[in-house]
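Undergrad: Residues per chain, in single letters:
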Amino acid sequence: MRLNSMDLYVIGWQLIDLQTILYIFVGTLIGTVVGALPGLSAMMAVSVLVPVTYGMTPAGGILMLLGIYCGANYGGSISACLINVPGTPSAVMTSLDGYPLSQKGKPGLAIGMSALTSTVAGLFSVITLALFAPPLAEMALKFKSLELVGVALFGLSVIAYISPGSTLKGVLAGLFGLLIATMGFDPSTAQARYTFGSMEMLAGIDFISAMIGLFGMSEMLANAEVGKNYNKTTKLLNIGIKSTFECLRYLKSYKWWMVMMRSSIIGVIVGAIPGSGGTVAAIVSYGVEKRLAKDPSRFGRGAIEGIAAPEAANNSCTGGAMTPLLALGIPGDSVTAILIGAFIVHGLVPGPMLYVTNPEIVSAIYIGLVISNIMMLIIGLFGSHHISKLLLIPVPILNGIILTLCVLGTFSIKNSLFDSMCMFIFGVLGYIMMKAKIPRAPIVLGMILGPMMEENLRRWADIADGQYLSLFVQTLMTNPVTSVMLAATAFILVAPIFSKKKYFAEDDIDKFVVTDGDESSFNELLEIK
Amino acid sequence: MKDIITSVIVMALSAFAYFNAETFSLIKRGTWNLAKNPAVYPRMIATVMFVLGAILLISTIMKGKVKGLQIDKGIFGNILKVVVLMFLYIIGVYILGFILATTLFMISVIMVFGGKIKTALIVSLPVTVGLYVIFQVLFSVPLPLGEIFSFWR
Numbered sequence: 001m002r003l004n005s006m007d008l009y010v011i012g013w014q015l016i017d018l019q020t021i022l023y024i025f026v027g028t029l030i031g032t033v034v035g036a037l038p039g040l041s042a043m044m045a046v047s048v049l050v051p052v053t054y055g056m057t058p059a060g061g062i063l064m065l066l067g068i069y070c071g072a073n074y075g076g077s078i079s080a081c082l083i084n085v086p087g088t089p090s091a092v093m094t095s096l097d098g099y100p101l102s103q104k105g106k107p108g109l110a111i112g113m114s115a116l117t118s119t120v121a122g123l124f125s126v127i128t129l130a131l132f133a134p135p136l137a138e139m140a141l142k143f144k145s146l147e148l149v150g151v152a153l154f155g156l157s158v159i160a161y162i163s164p165g166s167t168l169k170g171v172l173a174g175l176f177g178l179l180i181a182t183m184g185f186d187p188s189t190a191q192a193r194y195t196f197g198s199m200e201m202l203a204g205i206d207f208i209s210a211m212i213g214l215f216g217m218s219e220m221l222a223n224a225e226v227g228k229n230y231n232k233t234t235k236l237l238n239i240g241i242k243s244t245f246e247c248l249r250y251l252k253s254y255k256w257w258m259v260m261m262r263s264s265i266i267g268v269i270v271g272a273i274p275g276s277g278g279t280v281a282a283i284v285s286y287g288v289e290k291r292l293a294k295d296p297s298r299f300g301r302g303a304i305e306g307i308a309a310p311e312a313a314n315n316s317c318t319g320g321a322m323t324p325l326l327a328l329g330i331p332g333d334s335v336t337a338i339l340i341g342a343f344i345v346h347g348l349v350p351g352p353m354l355y356v357t358n359p360e361i362v363s364a365i366y367i368g369l370v371i372s373n374i375m376m377l378i379i380g381l382f383g384s385h386h387i388s389k390l391l392l393i394p395v396p397i398l399n400g401i402i403l404t405l406c407v408l409g410t411f412s413i414k415n416s417l418f419d420s421m422c423m424f425i426f427g428v429l430g431y432i433m434m435k436a437k438i439p440r441a442p443i444v445l446g447m448i449l450g451p452m453m454e455e456n457l458r459r460w461a462d463i464a465d466g467q468y469l470s471l472f473v474q475t476l477m478t479n480p481v482t483s484v485m486l487a488a489t490a491f492i493l494v495a496p497i498f499s500k501k502k503y504f505a506e507d508d509i510d511k512f513v514v515t516d517g518d519e520s521s522f523n524e525l526l527e528i529k
Numbered sequence: 001m002k003d004i005i006t007s008v009i010v011m012a013l014s015a016f017a018y019f020n021a022e023t024f025s026l027i028k029r030g031t032w033n034l035a036k037n038p039a040v041y042p043r044m045i046a047t048v049m050f051v052l053g054a055i056l057l058i059s060t061i062m063k064g065k066v067k068g069l070q071i072d073k074g075i076f077g078n079i080l081k082v083v084v085l086m087f088l089y090i091i092g093v094y095i096l097g098f099i100l101a102t103t104l105f106m107i108s109v110i111m112v113f114g115g116k117i118k119t120a121l122i123v124s125l126p127v128t129v130g131l132y133v134i135f136q137v138l139f140s141v142p143l144p145l146g147e148i149f150s151f152w153r
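Residue numbers (the numbering used here), protein chains in the order written: chain A, 1 to 529; chain B, 1 to 153.
Keep in mind that the hints were calculated from the coordinates and are not lab data. Keep in mind it's a predicted model, so treat the numbers as computed, not measured. Each residue gets a CB set at the ideal place from its N, CA and C atoms; glycine is no exception.
Just a few of them, taken from the derived set where beta-carbon distance is under 8 Å, the chain A residues facing chain B: (1) Val52; (2) Gly55; (3) Thr182; (4) Asp186; (5) Gln191; (6) Leu221; (7) Gly400; (8) Phe411; (9) Ser420.
Not everything, but these chain A residues come out facing chain B in the computed CB check (under 8 Å): (10) Val171; (11) Leu178; (12) Val395; (13) Pro396.
If we strip away everything but chain A, and leave its shape as in the complex, we get (with noise of 0.2 Å):
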């Protein structure tokens, strides 16, 4: 089949079954619960669900998870409207204006315009996925074994560049991932490595208990470090979300149409940009927006755009992310790295193999984006009302639940306690990690990434018999992919010692939300991008 035929629009359909849907919505709502609770992140929650997918079939497990990241994205809106908190980082730019609106009465418009342009710019995105993944495979199709270790290198830098702290640690974050990778049998010789005698250490180490163990227990065991002080006072306020309906009447708007097709433009090239997310397009498109307005200083103080630019923004990413995933297996944002977690869990690998072995999932994928973002704008019109009030459940609570299903989702993987000890062990190292500055992501995305390297890698030295230098000169003569994404890979590596600043890192949002949206350290975030 031709990857770009239009068979890839409608095969999935046969996946799509009531059961399936159900997961989409079921992971949607979640995915909106936990992006509105502060404290909790869309990585967490779809690092410590992979688990429970296990049951399900490839596309329901994977679909679920997506309808997570795709609800998390628009589930920060709520807490930032309601009680001035993002509840994700990619938020932020919403509460702006969303939280002002709200205090004069109108949270329901808030609310319901965040939902609206989420759904209409995930849309947008899902489409762009849909037009632009496909031949992007096909290039990467023609990939051969030295390629696709440029791919993984590639992927690993990128990430060790965005993640907040300096490149340097991201990438030996990244090493000592690749290193885990070794452990347990070398897939060419069946030899043992680093196996220290132990018969469970034979299959190596199991991602997903590094994964749980960095991204859910660690997170847990900083959110232990406000102990009794946690924030109690949090204040909804007092006054009911009605009339979540009245934002569908800017359906008519030429110019909020405009405004949406600004901000879902910016949010996917941004997303498909990979290692930069939500948090940065929001903040782009939030200030194109605010640069185009007539009167600017409207912004700040409820003004409509300003919620809708960033949520387009923030969503219309998750389709970006989504594209050099599916079409190199290189990961758009650190989510996506852990859904290439959950590919793997279910039996695929992303990448363009799967346009070729499991056209049918890549298309269930592209149906069941469109499910979730059309569930996302149901769940916001007519449930947000009563996510808002789970903004009240108390913080410990939570916690415990959440160290409850990191233990379980582990124990499940093979029914042994070894999982789950190494979950323990790695999240006593992820707390350390964020105490040192260190990025978690590299380690997973290493993990992950290894196998696939190491085996190509040693393919292509096999060929080389020796004479590598010879091999890999002619390689880049004939193959100028290769080269590109060699020197990108050095580019990215590199180009930190020369600069001191980060373009499309996530460091200078976190001095913005540190500051609490004072407006200078605003304007100054605006004029680095």
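Start from chain A and add chain B according to the hints.
TA: Relative to chain A, chain B alone:
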């Protein structure tokens, strides 16, 4: 200080990985056959890691920002409590089974996170049963039944 500790640990770890690779090097010392020798690839990574660790060490010292490490005892104590509870819970799930171990874990962990004892006692069992239903019944993920109850089955 954190960066110095990090770099020293990284260098020690990579050196260990490099020399430990000797134990599974199939081909005699000094062979750099990447394709056939399972030890070469891990050694390559360990070497790069060691060099980058050294760069981190040197650049941190050159910047001259070496400050002492400060640890807040209150915060540290709380985290230690969670870590110990988690460790006991993992073993407890295996020995006592899911329902019993989780209920006990929930009560204690909610209190460590600052919840009231009343909330902890009221909430724990329903939450545990809820999780049991979701995992075991809805998603058919098998949960540990507890070794000490094995005579039961």
